[in-house]
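Number of protein chains: 2
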Amino acid sequence: MTETATLSLTDVPQVYKRHVFACFQQRPPTHPRGSCGAAGAQPLWERLGKQIEATGQRDIVMTATGCMGFCQAGPIMVVYPEGVWYQPRTPEDVDEIVTTHLVGGTLVERLVIVPRI
Amino acid sequence: MTETATLSLTDVPQVYKRHVFACFQQRPPTHPRGSCGAAGAQPLWERLGKQIEATGQRDIVMTATGCMGFCQAGPIMVVYPEGVWYQPRTPEDVDEIVTTHLVGGTLVERLVIVPRI
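As they're listed, the protein sequences go chains V and G.
Count the first sequence with the working numbering and you get residues -12 to 104, in order.
Count the second sequence with the working numbering and you get residues -12 to 104, in order.
Calculated from the structure, these hints are not laboratory results.
Do not rely on the hints blindly, as some may be mistaken.
If chains are identical, the list can't say which one is meant, so a pair holds when it fits in one copy or spans any two.
Here are the simulated SDA-like cross-link-like pairs (lysine to any residue), alpha carbons at most 25 Å apart as the crow flies [stated by the list, open to error]: (1) K37 - R20; (2) K37 - D82; (3) K37 - I100; (4) K4 - D80; (5) K4 - R14; (6) K37 - I104.
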């Protein structure tokens, strides 16, 4: 009898320490669903990208996404592997998320949202 | 003295059981970097979306992304919270990822890639 060793989900080497997904969906300002773009996401995500780069940590990255839902809560971003959703409103909020969560590993509780599906 | 109870990263309720990010980056076929789009991603991701919807599980979702890097390895997708990267080549590969990993919670080892940063 031969046994085949099988990798489990948790055996796979991690590529990133933290992978941030930021919604770049843009709808017209009058669109009834709203959008992260209409809520002012773009300058915040530009700052997010710059601040992540400034950490010098190559295992912390940001990826641009299309709509992740929860459009009324925008601008929204989610940090994995923790699955923490944030709603930053100002450049200072972005900086705090980078410093405290992405680098420091501590939750920025005041900016957390828990979207309902 | 007052102590403030602080939530830790793992205390935050999870929105999704599995969140799939699929790269929709499209560059011209002759572009030296390549792209997931040029590697045939679009029909695979269309199927991925349909098959996820067909599971009826609202806590398994897919989000479209821009470039996640590793363009030569495309089409690529990553499943969080596990942080497992896959390179499906056929519709059957996509179906297997949905059934085995997203729903079943077991790795599809033959389709895993571990990109180097």
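Verification of the supplied hints:
Proximity of K37 and R20 under a CA criterion of 25 Å is satisfied inter-copy only: 23 Å between copies versus 29 Å inside one chain copy. For the identical chains of this complex, K37 and D82 are intra-copy neighbours only, at 10 Å inside a copy versus 37 Å across copies, given an alpha-carbon limit of 25 Å. Taking the shortest alpha-carbon separations for K37 and I100, only the intra-copy value of 23 Å comes in at or below 25 Å, while the best inter-copy value is 28 Å. For the identical chains of this complex, K4 and D80 are intra-copy neighbours only, at 21 Å inside a copy versus 27 Å across copies, given an alpha-carbon limit of 25 Å.
Within a single copy, K4 and R14 get their C-alpha atoms no closer than 32 Å, and across copies no closer than 28 Å, so neither meets the 25 Å cut-off. Within a single copy, K37 and I104 get their C-alpha atoms only as close as 31 Å, which misses the 25 Å cut-off; across copies the closest is 18 Å, which meets it.
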